[in-house]
Amino acid sequence: MSFRWWRRDAELDEEIRAHLAMAEREYIAHGETPEDAERSARREFGNVGLVKELTRAYWRGAALERAGREARQVVRGLARRPGVTIAVVATLAIGIGANAAVFTITDRLLLRAPAGVPDPGTLHRVYATWSMSGRTSVRVHFSAPEIRAIPDAVAPIAEASAVLGPIRTAAGGHGAPESRIEVTYTGGNFFSTLGIRPTLGRFFVNDENRFDAPSDVAIVSYRYWMHELNGARTVLDLTLRIEGRPFTIVGVGPRDFGGIDVQPTDVWLPLASYTGFSMPNERWYESAGLLAFNLVLRVAPGADESQAAVRAQEALRRVARTQRIGDSTATVVLGSIIAARGPQAMTRADRISLLLTAVTLMVLLVACANAANLLLAQALHRRRELAVRLALGISRWRLAAHLVLESVILGLLSAAAASIVATWLAGALRRLILPDAHWPPAFDVRIAVFTFGIALVIGLAVGIAPALEVSRTDISQALKSGLRESGRRSSRIRSTLMVTQAALSVVLLIGAGLFLRSLVRVEHIDVGYDVEHIVTASTGFLPNHRVSLDDVAERVRALPSVSAAALTAATPLEGMLGARLFSQAGDSLAVPMQQTGYMAVGPSYLDAIGVRVVRGRALSPEDRVGAAPVTVVSTALARALWPQHDPLGECVRIGGPSARCYTVVGVSSDVHPFRLIDTPAAMLYVTLSQKPEPLATTGLVVHTRGDPAPVARWLTRALGDTTTDPRQSAVSIMADRLAPQYRPWRRGAQLLAGLGALGLIIAAVGLYAVTSYLVTQRTRELAVRIAIGARAGNIVRAVLGSALRLIVVGIAVGTGVALVAGRSISTLLYETSPTDPLILASAAVVLVVTGCIAVLIPVRRAIRVDPVIALREE
Amino acid sequence: MPRSHRPLSRIELLQGTLDLIILQTLRWGPRHGYGIAQMIRAGSKDVLQVDTGSLYPALHRLARRGFIKAAWETSENNQRVRVYRLTPAGRKQLVAERARWEQFFEAIGGILNPPVPEGEG
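Protein sequence lines, in the order shown, are assigned to chains A and B. Counting in our numbering, the first sequence runs from 1 upward without gaps. Counting in our numbering, the second sequence runs from 1001 upward without gaps.
Derived from the structure by calculation, the hints contain no laboratory data. Heads up, a few of these hints could be off.
Stated by the list, open to error - Simulated coverage check for chain A against chain B, where a stretch passes if three residues somewhere in it have a Cβ under 8 Å from a Cβ of chain B: (1) 42-51; (2) 292-303.
Said to hold, decoys possible - Okay, the calculated bits of chain B under chain A, using three or more residues with CB under 8 Å as the criterion: (3) 1028-1034; (4) 1091-1103.
Where a beta carbon is used, it is the ideal one built from N, C-alpha and C, also for glycine.
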């Protein structure tokens, strides 16, 4: 209460006291005794409280004050019932918080156009779709000839530009230490296509993007400029070293602009300056087979979008015809600039965010059902209190308003708690879904509006049922019958809510089970390498590399803790050299659905990576220049090319139909070439001496006897590697490299298990509350039963039975939902069927057990009903 | 006030009329709430009894609208009392309300006691 209000109140009190005193004196003057006079004066004045109440209504700010008083009353009421209040607030906070957290992700991925780009509606990503044997495929990547042809073709009704990236790479210079930045390579007119202007300096000019003579110029983002270059106006003409090459800064991007992708870009470079593709036989900017570039397209004001699409399509088909590659019937689709809204199949991140949206909505529904249930049970519990209030003359409208206000306040309390949940959960989710992205703070204005908006709506929604219930209350009946309910209607509502909760809990539990099982499967994946004992060194990116790798290999082999070491052109898990294979006769050997390639390695490489030779022999130092070219092939390759007969003695040409033919001398066990989750590659191993094309030897693989860490440190020193960031280090331990790949699975499982547990707790609280309410309500019936000789067992059956019936119906419904929804998440699972009966059964068992525990206390209370006391109370 | 003085029937004041009466009462000088109630009762020969549940809200309403002003004073019995007095705005309001009321009174009177048309009876 405000001070002014308090003073006015005191003054009114005094005014009335003076009135009473004066009236009293007059009665005394008329001969009454002081006691009688006082009584008469009071009688004449009437109800002091009422007069005050009526008078206050005319004060300034009366409506606000009344609402404040009402709110205080509500808060006092809530504090008197801490159990229900905490249960409702906690339940809703979890539900709303989870949704707000997921909203931050979907908002970023699906809803928000790239910041700082004007008029995103006419800006498009270009897609090509084509049909092959009845299936439609989509690509968003285009070849170099295509990215040259399409912008020319669509002008002047649209402007288009190629984009490559963002790519994470190392940058340094300008006196700053090396750091990882996101680089996007763009065509010369990228910025004019987007329609943005530089904050400082200029953007690229077309001349700087000539493929045969690219310029070493760079544009830095506003964010990078502010954070890394201190926002100095003198940055223009500074030199930035990116992957060891110098680039001159010529411009700073506009404020807020971080490119067109979810991952913000730090530095833009001319596309022509990109050197990342190692193409042995052709220049990447002439390759028609390398699909690597995105295209953005802006339709000119007033121009026809479909016309632009048609022109782009003609260009695309023309390239396909002249280059004799690709599909000359492809269709061009101009999609949204928001990558996740394109016609392309959804990415993993999009799927996860949609799944999470569904899951958290479910948690929210469970939470709402629970809160409504608790409030409903409580409203019925308070019927006698409310009936007394009604009898004392408070209007039904006001009482209902009081209850609605109560739920709104509950909603606001929940929103405050939800903000904490949301901030925490959003952080966890971001690390899970897009670990590398720069995110704005989790809790911004939009999320706050979202949280409080939802909380208010839900507060009102769950408060309305009890309010309606009260407005219908029959005073005399309520006063007479106390807790007993008159109709069956509200018990039906409660049962429905309870079944809903149980069903949603089952769905959540099944989801958690599926992800846990996937995690277990993932953790048992055999990548084919002896992961725990391998150290790799990759010296390709070491600046000023002067140490001879042969030397280092020789010295490391001599260490007692090293069992094998081999030089290699490419280190394991960083890939292999992709190549097409041909038979001795020069026919193309197709290896369907598998990555195919070779590794040029030192003779002891297979030993060093822990790959076994299952047939024939390993590579040996004898397989040198001049000797007959030989190869060891992986089991996967052998099975794909020669399913029927012995591969030993077969001959394979690598790279071309007239290349040298390598005789198969051995078959090795399989490895995953890139990632943890991969199919075994169709792989050939050849010795470095017999490599089919000129390659630099930059890799070293070492097999250790014990802990690989000391060997890794030794190698770092030996190579003169001074980088401090482990991610940029030339030397790495294979187990450390694989570890991050387990993380998404682990986090996914943790997250779903966490959400499942939350859903379960919420449902358990709800079940407990409803059952204990039912027991209270049925006290009389139970008392009668006990009085006429029912045993504890019968009572338990009666109470537990009704609770279990609800749970079982819920399980049936939930399992059905899970079976239907399971199909849509199967791509997020690893070797786990979404209809795994064991998981379905476990979820049901968990819910039944939890349900039984939840109703334990109410059941005990039911058994202990004392018929004498219970019946007398009635 | 002794009970025996109570009239047999009292008239409930119309909403709005009370405001006029209060303003009129204050016309001759400042007065506290109890005094106003007594004065109305006496002035109406005990016919009009003002309910405190109407009087105080009306006083506070009029004060809020600026027609009267409240101030604390000490009465002859050494009692701190809240005294209301007319403001210039209240004076204007009183004149306007009075004019309206007289018009209304005349109109009602005209209907209830129609002038006898000439040539009749």
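Now the hints, each set against the structure:
Interface restraint, the region 42-51 of chain A with chain B: holds (6 residues with C-beta to C-beta distance below 8 Å; minimum three). Interface restraint, the region 292-303 of chain A with chain B: violated (0 residues with C-beta to C-beta distance below 8 Å; minimum three). For the region 1028-1034 of chain B, the stated coverage by chain A holds: 3 residues have a C-beta nearer than 8 Å to a C-beta of that chain, and at least 3 were required. Coverage of the region 1091-1103 of chain B by chain A is violated in this model, with 0 residues showing a Cβ closer than 8 Å to a Cβ of that chain against a need of three.
Violated hints, in rising order: 2, 4; the structure is consistent with all others.
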